[in-house]
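**Q** Sequence:
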Amino acid sequence: MKKRFKFDIFKYFGIFAIFIAWLLISMKANNEVVMPSIRSTFSQLFNLLSLSSTYLVLLNSVGGLILIVIGSFLVALILALISLKFESFKNFITPTLSLFKILPVPAVIILLLVQYSQSSIPYILTTMVVIPIVYEGIYGNLFSIDQDIKDEIKMITKPNLKVLINVYLPIIKIGILTTLLQSFGMGLKVKVMTEFIANSPKTIGYQLGYARSILAMDQVFAWTIILVVIVIIIDSILGYLLSQSK
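Using our numbering, the first residue of the sequence shown is number 6, and each one after it goes up by one.
Keep in mind that the hints were calculated from the coordinates and are not lab data.
Don't be surprised by glycine CBs; every beta carbon is placed ideally from N, CA and C.
None of the hints are false.
As a list, the in silico BS3-like pairs of lysine-lysine whose alpha-carbon atoms are at most 27 Å apart:
{"#": "1", "residue 1": "106", "residue 2": "90"}
{"#": "2", "residue 1": "90", "residue 2": "159"}
{"#": "3", "residue 1": "106", "residue 2": "178"}
{"#": "4", "residue 1": "159", "residue 2": "178"}
Taking CB as the label site, the calculated pair distances span:
{"#": "5", "residue 1": "87", "residue 2": "122", "range": "28 to 36 Å"}
{"#": "6", "residue 1": "194", "residue 2": "122", "range": "15 to 23 Å"}
{"#": "7", "residue 1": "44", "residue 2": "116", "range": "38 to 46 Å"}
{"#": "8", "residue 1": "234", "residue 2": "206", "range": "21 to 29 Å"}
{"#": "9", "residue 1": "37", "residue 2": "111", "range": "24 to 32 Å"}
{"#": "10", "residue 1": "109", "residue 2": "248", "range": "36 to 44 Å"}
{"#": "11", "residue 1": "175", "residue 2": "48", "range": "42 to 50 Å"}
{"#": "12", "residue 1": "71", "residue 2": "167", "range": "20 to 28 Å"}
{"#": "13", "residue 1": "154", "residue 2": "61", "range": "44 to 52 Å"}
{"#": "14", "residue 1": "166", "residue 2": "44", "range": "49 to 57 Å"}
{"#": "15", "residue 1": "24", "residue 2": "54", "range": "17 to 25 Å"}
{"#": "16", "residue 1": "71", "residue 2": "145", "range": "21 to 29 Å"}
{"#": "17", "residue 1": "243", "residue 2": "122", "range": "25 to 33 Å"}
{"#": "18", "residue 1": "71", "residue 2": "166", "range": "20 to 28 Å"}
Throw the hints in and build the complete structure from the sequences for me.
**A** Have a look at this one:
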């Protein structure tokens, strides 16, 4: 308990230090375009939160990402199960998944803009980034299950959906939750960046681009705070689930 309290104290000191640094830099710059003040940023933040359009933007960006993570999890789970059963299949898809991880985002966006709409590009590119992360997490966790457990299950029944849901997934639950947390964090960064570059309408990336175009840096910072809070909320939810799983 004492150790936990000490950890929380240092965490709050860290947050306080960030605000102090922000205050000092904004005072030194004395220019809202270079570094917006805390007051103007939070004023803009509350203004954004009072607009119904803000929640539509959040639904498009964050809600879309949640759908991407869920869909990617299902696809990656299927790919991981096939890879465990057939090593040749694993060797076949590994180059493709590796390619997804190293492709430069701007180049891919330019290629996709030729064939797809601006609104669909963030979904396509984010899926390409998230699937390899989730696949590696699921495959690694399934592969690491004790061989004695696998052999015992084979003696009782053939591997099937019930065994996967009732035996394998509970065993690797902590690893799965950690993987989902990583994929959400990375996915949010990629999706917002893609929305910004592709100029996808009614998204956080679009709002950041618009704010930059009119030099409204307080609005840029306000959207950044919203993104940080969203990540903290998701991290807290998954962290709680992780603590309950131990």
